[in-house]
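Chains A and B, in that order, give the protein sequences.
Following the working numbering, the numbering of the first sequence begins with 1 at its first residue and continues without gaps.
Following the working numbering, the numbering of the second sequence begins with 1 at its first residue and continues without gaps.
Just so you know, these hints were derived from the structure itself, not from any lab.
Just so you know, these numbers come straight off a predicted model, no measurement behind them.
Note that the Cβ used here is the ideal one computed from N, Cα and C, for glycine as well.
Check each hint, because a few of them may be wrong.
Negatives, chain B to chain A, calculated, CB over 10 Å [as the list claims (entries may be wrong)]:
no.: 1; residue: Leu21
no.: 2; residue: Gly66
no.: 3; residue: Lys68
no.: 4; residue: Ile72
no.: 5; residue: Glu139
Quick list of the computed label-pair ranges, beta carbon to beta carbon [stated by the list, open to error]:
no.: 6; chain 1: A; residue 1: Val19; chain 2: B; residue 2: Asn158; range: 21 to 27 Å
no.: 7; chain 1: A; residue 1: Val19; chain 2: B; residue 2: Val64; range: 14 to 20 Å
no.: 8; chain 1: B; residue 1: Tyr83; chain 2: A; residue 2: Val19; range: 24 to 30 Å
no.: 9; chain 1: A; residue 1: Asn192; chain 2: B; residue 2: Glu174; range: 31 to 37 Å
no.: 10; chain 1: B; residue 1: Ile137; chain 2: A; residue 2: Lys216; range: 32 to 38 Å
no.: 11; chain 1: A; residue 1: Ile9; chain 2: B; residue 2: Asp130; range: 47 to 53 Å
no.: 12; chain 1: B; residue 1: Glu78; chain 2: A; residue 2: Val19; range: 19 to 25 Å
Only pairs whose alpha carbons sit at most 20 Å apart, straight line, appear in this in silico SDA-like list of lysine to any residue [what the hints assert, rightly or not]:
no.: 13; chain 1: B; residue 1: Lys47; chain 2: B; residue 2: Lys7
no.: 14; chain 1: A; residue 1: Lys194; chain 2: A; residue 2: Ile170
no.: 15; chain 1: B; residue 1: Lys65; chain 2: A; residue 2: Lys15
no.: 16; chain 1: B; residue 1: Lys74; chain 2: A; residue 2: Leu32
no.: 17; chain 1: B; residue 1: Lys121; chain 2: B; residue 2: Glu174
no.: 18; chain 1: B; residue 1: Lys47; chain 2: A; residue 2: Val30
no.: 19; chain 1: A; residue 1: Lys15; chain 2: B; residue 2: Ile67
no.: 20; chain 1: A; residue 1: Lys242; chain 2: B; residue 2: Ile67
no.: 21; chain 1: B; residue 1: Lys68; chain 2: A; residue 2: Ile237
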Amino acid sequence: MKSLSKILILLLLAKIISVSLWWYLPSEGVELNTKKSYRAKYQRVDFKNMLVRTKVIEARKKDVTASSTSYNISSLILKGLYGSRFHGYAIVTKKASPKKTTIVAVGESFAGYKLKEIQLQQVIFTKNTREYILALEAKRTTSSSTIQRLKSNTQNSNDNSEYIVTRADIKYYSSNPSRIWKDIAIDSVKKNGKITGFKVNRIKPNSQFARIGLKKGDVIIKANNVRLSSFNAVFNIYNNIKNISTMDLVVLRNNQEKEIIYEIN
Amino acid sequence: MVKKLLKFVALFFFFIFALILFTPKESFYYLLEQNLKKFDVIISNEKLENKMLSLNIRNLDISVKGIKSLKIKKANIEILGLYNAVELQNMQLSSLVENYLPAKINKVDIYYTILHPLQLKVNGYGKFGDARVVVNILEKKATLILKPSKVMFSKYRNSLRTLKKSKNGEYTYEKSL
Numbered sequence: 001m002k003s004l005s006k007i008l009i010l011l012l013l014a015k016i017i018s019v020s021l022w023w024y025l026p027s028e029g030v031e032l033n034t035k036k037s038y039r040a041k042y043q044r045v046d047f048k049n050m051l052v053r054t055k056v057i058e059a060r061k062k063d064v065t066a067s068s069t070s071y072n073i074s075s076l077i078l079k080g081l082y083g084s085r086f087h088g089y090a091i092v093t094k095k096a097s098p099k100k101t102t103i104v105a106v107g108e109s110f111a112g113y114k115l116k117e118i119q120l121q122q123v124i125f126t127k128n129t130r131e132y133i134l135a136l137e138a139k140r141t142t143s144s145s146t147i148q149r150l151k152s153n154t155q156n157s158n159d160n161s162e163y164i165v166t167r168a169d170i171k172y173y174s175s176n177p178s179r180i181w182k183d184i185a186i187d188s189v190k191k192n193g194k195i196t197g198f199k200v201n202r203i204k205p206n207s208q209f210a211r212i213g214l215k216k217g218d219v220i221i222k223a224n225n226v227r228l229s230s231f232n233a234v235f236n237i238y239n240n241i242k243n244i245s246t247m248d249l250v251v252l253r254n255n256q257e258k259e260i261i262y263e264i265n
Numbered sequence: 001m002v003k004k005l006l007k008f009v010a011l012f013f014f015f016i017f018a019l020i021l022f023t024p025k026e027s028f029y030y031l032l033e034q035n036l037k038k039f040d041v042i043i044s045n046e047k048l049e050n051k052m053l054s055l056n057i058r059n060l061d062i063s064v065k066g067i068k069s070l071k072i073k074k075a076n077i078e079i080l081g082l083y084n085a086v087e088l089q090n091m092q093l094s095s096l097v098e099n100y101l102p103a104k105i106n107k108v109d110i111y112y113t114i115l116h117p118l119q120l121k122v123n124g125y126g127k128f129g130d131a132r133v134v135v136n137i138l139e140k141k142a143t144l145i146l147k148p149s150k151v152m153f154s155k156y157r158n159s160l161r162t163l164k165k166s167k168n169g170e171y172t173y174e175k176s177l
């Protein structure tokens, strides 16, 4: 009887201790709160075209009549596209003057060809009731080797802040991540213990990174309107790179913000 | 005298058993989570199940510095005083590390016993092979000993180069904590 009472007292004591522990210990855990960042879809708009729209269309109408016979579809290059089906733009150029790009909206004409439809990797032009498919430049050069493709497909477009990067480039680096750190060295920049951006400490000359407008000393502070204030922000972009068609980087260069735009084809 | 001593020991162990039985294990787990948060390690989406002497946890998503780094299908925590163990099953590392080592880890056992009071031991196996880690609490040093799988030799040779090869074909790595 004495032993039983001792056991009961011990049980009671254990229960009292556990209840007091329960009272003082936290009653709920920690969950990861992922901040949903605002990412406006990048859309390249040629304001010059918009301002002189009527003149441009008139000029193009003349172009259709005057030069419809002089341009073959194979003499055109599709540099990029934006939008889907019957809404969007195509960036086209003539082989004769590849640096002079023109943005053509669906319904507009270029070199006698009317832009009818935008598809995933190609656009459809019409001329004299016949349809012509113009594939993206990157897609047409897939027969070359990976490294050659990387070299040939990363092109600087009209100015120094817009670049075209192919999916092959991204695939190459994602399947060889060790190459990334051989070609570029990036480190976080902190202010009062908080990450304010990512500094480019080294770029291997003639590497892919050297060709896409980044320079040693650049501090990347934003990507697609998302402030890079954590590793998470960077890895979110890395993980979603397959779904991104444009990348808008804001870098601090000589204490001035510079915007670099990449079209991923 | 001996009888009294035995009775005392029996009652002591009974008390410890009762204490473990009644302990709010979830609350201790939440305390662990709050402490891990200080190191930017967050465990989310998990489901807790309080067993008599242990705590079962399912579907843990572990994020380090906000990066989803590890998924664990099942974990079992046993804190018995003399023997304490954490058993982790079906772990999947983030795809970010897949270029350095296989992402799939079958099982990891972490245990601490009173028999080796200055050592924390970890055993694990997965596609990478078999690994054991010994943490020397006094010296604050962790030693990894890896028996690599064929996959490690064929696909992750670069990762193996960062380890030191020993004569018996095992690979070791030491780190001060």
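Here is what the structure says about each hint:
Chain A draws Leu21/B into its interface by the beta-carbon criterion, the shortest separation being 7 Å against a cut-off of 10 Å. A cut-off of 10 Å between C-beta atoms contradicts the statement that Gly66/B is not in contact with chain A; the least separation is 3 Å. Not every C-beta of chain A lies more than 10 Å from that of Lys68/B, the closest at about 8 Å, which undercuts listing it as non-interface. Remark: the non-interface label on Ile72/B is consistent with the geometry, its nearest Cβ contact in chain A lying 14 Å away (cut-off 10 Å).
At the 10 Å boundary, the C-beta of Glu139/B stays outside the reach of chain A, the nearest C-beta of that chain being 30 Å off. Evaluation of the 21 to 27 Å hint for Val19/A and Asn158/B yields a failure: the beta carbon distance comes to about 55 Å. Checked against the given bound of 14 to 20 Å, the beta carbons of Val19/A and Val64/B, roughly 35 Å apart, lie outside it. Range check, Tyr83/B to Val19/A: Cβ separation about 26 Å, and the 24 to 30 Å hint holds.
The hinted range of 31 to 37 Å is satisfied by Asn192/A and Glu174/B, whose Cβ atoms lie roughly 35 Å apart. Evaluation of the 32 to 38 Å hint for Ile137/B and Lys216/A yields a failure: the beta carbon distance comes to about 44 Å. Range check, Ile9/A to Asp130/B: Cβ separation about 49 Å, and the 47 to 53 Å hint holds. For Glu78/B and Val19/A, the Cβ-Cβ distance of about 22 Å falls inside the hinted range of 19 to 25 Å, so the restraint holds.
For the hint linking Lys47/B to Lys7/B, the alpha-carbon distance of about 40 Å lies beyond 20 Å, and the restraint is violated. This hinted pair does not check out: Lys194/A and Ile170/A have alpha carbons roughly 29 Å apart, beyond 20 Å. Annotation: proposed proximity of Lys65/B to Lys15/A is violated, straight-line Cα distance about 38 Å (limit 20 Å). Using a Cα cut-off of 20 Å, the hinted pair Lys74/B and Leu32/A holds, with the two alpha carbons roughly 19 Å apart.
Restraint check: the Cα-Cα separation between Lys121/B and Glu174/B comes to about 14 Å, which is no more than 20 Å; the hinted pair holds. Only pairs whose Cα atoms come within 20 Å are accepted, and Lys47/B paired with Val30/A is accepted, the gap being roughly 13 Å. A hinted pair counts as satisfied when its Cα atoms are at most 20 Å apart, and Lys15/A with Ile67/B does not qualify at roughly 40 Å. A C-alpha spacing of about 18 Å is found between Lys242/A and Ile67/B, which places the hinted pair at or below 20 Å, so the restraint holds.
Simply put, Lys68/B and Ile237/A have alpha-carbon atoms about 13 Å apart, close enough for the 20 Å limit, and the pair holds.
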